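Top to bottom, those sequences are chains A, B and C. Position 246 of the first sequence, counted from 1, bears residue number 246 in the numbering used here, the numbering being contiguous throughout. Count along the second sequence from 1, add 464, and you get the number used in the numbering used here. Count along the third sequence from 1, add 649, and you get the number used in the numbering used here.
Derived from the structure by calculation, the hints contain no laboratory data. Quantities reported herein were computed from a predicted structural model and do not represent experimental measurements. Ideal Cβ positions, reconstructed from N, Cα and C, are used throughout, including at glycine. Heads up, a few of these hints could be off.
What the hints assert, rightly or not - Not close to chain C: a few residues of chain B, all C-beta gaps over 10 Å, as computed:
{"id": "1", "residue": "N480"}
{"id": "2", "residue": "D490"}
{"id": "3", "residue": "S542"}
{"id": "4", "residue": "G549"}
{"id": "5", "residue": "E566"}
What the hints assert, rightly or not - Simulated restraints, written as ranges between beta carbons of each label pair:
{"id": "6", "chain 1": "C", "residue 1": "R693", "chain 2": "A", "residue 2": "I205", "range": "28 to 36 Å"}
{"id": "7", "chain 1": "C", "residue 1": "A687", "chain 2": "B", "residue 2": "P577", "range": "14 to 22 Å"}
{"id": "8", "chain 1": "C", "residue 1": "A832", "chain 2": "A", "residue 2": "L109", "range": "51 to 59 Å"}
{"id": "9", "chain 1": "C", "residue 1": "K877", "chain 2": "A", "residue 2": "V454", "range": "42 to 50 Å"}
{"id": "10", "chain 1": "A", "residue 1": "L109", "chain 2": "C", "residue 2": "R735", "range": "35 to 43 Å"}
{"id": "11", "chain 1": "A", "residue 1": "P128", "chain 2": "C", "residue 2": "R693", "range": "49 to 57 Å"}
{"id": "12", "chain 1": "A", "residue 1": "W102", "chain 2": "C", "residue 2": "E688", "range": "54 to 62 Å"}
{"id": "13", "chain 1": "A", "residue 1": "T108", "chain 2": "C", "residue 2": "E696", "range": "43 to 51 Å"}
{"id": "14", "chain 1": "C", "residue 1": "E688", "chain 2": "A", "residue 2": "D126", "range": "32 to 40 Å"}
{"id": "15", "chain 1": "C", "residue 1": "R735", "chain 2": "A", "residue 2": "S280", "range": "30 to 38 Å"}
{"id": "16", "chain 1": "C", "residue 1": "R693", "chain 2": "A", "residue 2": "I201", "range": "26 to 34 Å"}
{"id": "17", "chain 1": "C", "residue 1": "G971", "chain 2": "A", "residue 2": "K363", "range": "33 to 41 Å"}
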Amino acid sequence: MSIITRPWGRLTLAGKVVVPLVALLVLLTVLLLVGFASGALPLLLGLAGQAVGDNIDVVRFAGAATVLLLFTVPTAFVIILMEMKLIAFVNLRLGPNRQGPWGILSSTLHGFKVLAKEDFTPTGVDVPVFTLAPVVTYLGAVMTIMVIPFAPGLFGLDMNIALLYFFAVAGLGVIGLMMAGWSSFNKYSLLGGLRAAAGIISYEIPLILAVVGVVMLAGTMSLNQIVASQAGSFLDWYAFQQPLGLIIFFIAAAAETGRTPFDLNEADSEIVAGFATEYSGMRFGFFFFAEYVNLFIMSALTTTLFLGGWNAPLDAQPLLDLFNVTVSTALDPGALGMGLLFLVALGPPLLILLFTLPIWMLKSDWSFLKSLVVGFLLFNLLVMMLVGTWAYMTFPFVAGLFWFLAKTFTLVALFVIMRGTLPRVRMDQLMGFAWKWLISAALLNLLVTAAAIVVLRDPSMPWN
Amino acid sequence: MTARQDTTEIRISPTNVAAVMTLLHDDPGFRFLILSDLCGVDTGSAMQVVYHLWSDSTPDWLRVIVDGLPRDDPRAPSVTFLWNGAEWAEREAYDMFGIIFEGNRDLRRIYMPPDYQSFPLRKDFLLADDAARSPGQGVRHMEQTFQPAEYRRTPVLRQGLGSDAGQMAPGIQTAILSSGEDPAR
Amino acid sequence: MTTEQTIRSLDDPDLFVETPGTIYDAIPPLPPRTEREAEFYAMRDGEMLINLGPQHPSTHGVLRVVLKIDGERVVDLDPVLGYLHRGVEKICENGDWHHAISNCDPLEYIAAMFSEAMPVMVAEKLLDLEVPRRAEYIRVLAWELNRISSHALFVGWLALDLGGLTPVLYGFIERDEIVEMLAALTGQRLLFNYLRIGGVNGDLNHDFLSRLGDWMGNALKRIEDQQKLLNSNEIFVARTRGLGVVDRDMARRTLLSGPVLRATGIPYDVRRAHPYSVYPELEFTIPTREEGDSYARYLLHLDEIKQSIHIIDQVLHRMPDGPVMAKVPRLMRIPPGRAYVSIESPRGQYSAYGMSDGSDQPFRLRIHDPSFFNLQAVGLLMPGNLVADTMAIMASVDPIMGGIDK
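Extracted from the complex, chain A is given alone in its bound form (with noise of 0.2 Å):
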């Protein structure tokens, strides 16, 4: 046996690594090459994709989830990112700028420290609880995503009680948060467990309120025919036909998901970290994920329901009608001829060049390899802004994806810049202004709104 622990043992940890990897991708190669040989192969490949397109809902599902749970960790990252940047800049400074250019590496190297952090298990704490805790808020979180429409055919599921869906799931998240503090053995937990219970379910309520009136005007819940029913210009946006119906869920999301002025959870100037007291490494990071997560989703919903969705503020096709311009993107790349292989053999090289020498000429403390690296640059990015409105003329949900993107990390820097700029409500102020004031106002919608939807609809009123 010494013959391979001698070794084994000499190995560094990345050696440890590396070895098993390039063993085992040899074994595959090697399968790889007999199974074609022998024909074993294409039969296993065909069996394999029958069997896939007689369970496709399945396999689609089992993709979307797996999409979707990746998805949530390089939005988290970018969240993070701007929070760090766009708060720094509110305190006239200039948040982390060493990592990466600009510091665009900050919140990944964050997310490497916090899978390197020891995680421990305090005495005394009720085990299954505290670790299931972030589990839960973090499902709580993800588990919305799936029926929220980012562009025309880019949805996980589209139910017709979609909206009841997210408010049930998204309401999960509160378990987990009171979990989190009753099962740290610690007092501090508990106050910030059920400072996060009251609050959370006092602005529920409001929540739910603020968006029936949506409900009423679109007649379903479902999540793409909402955002259907708003096509057209922005003037068509519900914003504006339920404006205070989007005040009133701004300040509800932002309670929900614990910003400040309504970030009771986690005070740090009063109970350390509230709930998140007991928890480190990884634990703490899924909680930590799962707040970014729920910004996301909450300023998605806004978008969807109130802002229009994927929908572009103003179409671009009447105006084309105006000046009888018609853009076709159809592509014949086979056209050019012998013109294509000059193309593709010369015009990169061109390019980068007509980048790269007037850099190099102007900056005269950059090398001639630093400017060439910087031109390299340019032109990828020239490509692929030309790329990109290709694309975004020739695939609607490209274009979709875009404005709804657009739309929701507007809403989710208002929401960081408001963390930055506001100071903290208290406990009973925070409760008082949810059951006495928004409540009312919400009920208050409700009843104009649905005065309103009678009146207008009315089919014997004479504007009808």
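With chain A's structure known, arrange chains B and C on it following the hints.
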């Protein structure tokens, strides 16, 4: 600049404290409504409690020295019935000197831990003795450090701490306050 | 049949051993020593003892407060001090009067000029020493600059404890400029070691004066801008107005001083009540407010910053020429005597009582910091408020643990 001699000083005995303070506080001619400071002092021979008062009727500060508290059982009446802010200052005097204020509802140590045995600001405080009384006895090598009393250029009277005082710190001799003036005069 | 004895150790994760109670637990295992302690630790149904421990993001320094709460409402509180106790008074007795200057610096570390002034002014009083006028004016300049930087930090800290992340950085801009100019003058940013017995350590230099000129040019405007950030912020006002109201009788009995006292309407300022240094020649008013709540204390700090800027203006116009240090012997044997000195620091009445026995060492140097009495007020103001308000009240009273714990 401003006048140097701007303090009037009176000395009273511990039994008169309550009466004198009440008179100074309540009498409309005096109106010493603000107690600026309350501290304890360990002159080599006795303990004192020193109060500083301010009134809007006179530009001077008034210093009231309660003199003659015995060093082994210093007791003084508390003034918390007039100013309840004096409670913590009396706690500090107790913690640092061992002066017991009768009438203070909350006379416990304020700076040192609750199970601390010595009174640090006394002139006979020796780190070695303190270490011997602490849970770290025998572990900490306080006997090898310089004693605060060795730093003093004017030797201070050291009351006996018990028969083993000489064995604890053999280098220190008891001395009588000889040269220099007695600051308590 | 053999009975197997499994020996389990305390590292066994299945065993949960109640760790023996120490004196640092919320409920100490020792029996209560005093009446008040017994009253505090007697808990009724539903009450909970929680430790706002020495390590906490918002206690101003290392302060441990044991809160007795009933739900979110604070029923009683017991501050435990001593975590920053350094034995400054004892150490001062072992050294020189000159050593006492750098020993006493870290007492009120935010505004260290005031804590340095204590041994210096006591020694000057004991020696009956005449400090040159130029040195007195420079001292006043340094004191007022320290006052402004301390108040700017107070505004930021109050907002930070309430949750607003931005005003503290705006306050730090002010403080950084002042601290940089004092570094040009004294060589240090925080613990200056600048005042000497008989004067100051060095004259004004060009770097300091140019920075001071730049700063004074738009100081008032910047303070106005800072005011606009928080004064009418709905949430800030709702959190601080009506909170921690101190009335005059309670203020007098608890021996409060400084902005906490002046916010109740009593115009007691040591600079006018018992003038020292060159303050009688300078013209300034004592700002007061009537309500006595946290919002009034906040506004009062801003008023005091404006008064300090006015004083600095006058000092710069009237600065006389002359030496900055009196002639004092290097080895100073101070004749025996007692002296008491009191000045107005940003937190209140800072006083010192010194006794000399004829040698060059202090026989007793007692420093009394205003935050010591001001922190007692927190214990009286808290019951009845919510936990979240503990921080707001403590921040508005502005204690500095360095001076409280000595």
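To see whether the hints hold, each was checked on the structure:
no. : hint                        : result
1   : N480                        : 20 Å, holds
2   : D490                        : 13 Å, holds
3   : S542                        : 12 Å, holds
4   : G549                        : 3 Å, violated
5   : E566                        : 12 Å, holds
6   : R693/C / I205/A: 28 to 36 Å : 34 Å, holds
7   : A687/C / P577/B: 14 to 22 Å : 19 Å, holds
8   : A832/C / L109/A: 51 to 59 Å : 34 Å, violated
9   : K877/C / V454/A: 42 to 50 Å : 47 Å, holds
10  : L109/A / R735/C: 35 to 43 Å : 39 Å, holds
11  : P128/A / R693/C: 49 to 57 Å : 34 Å, violated
12  : W102/A / E688/C: 54 to 62 Å : 58 Å, holds
13  : T108/A / E696/C: 43 to 51 Å : 47 Å, holds
14  : E688/C / D126/A: 32 to 40 Å : 34 Å, holds
15  : R735/C / S280/A: 30 to 38 Å : 32 Å, holds
16  : R693/C / I201/A: 26 to 34 Å : 28 Å, holds
17  : G971/C / K363/A: 33 to 41 Å : 57 Å, violated
This entry does not satisfy hints 4, 8, 11, 17, going by the numbered hints stated previously.
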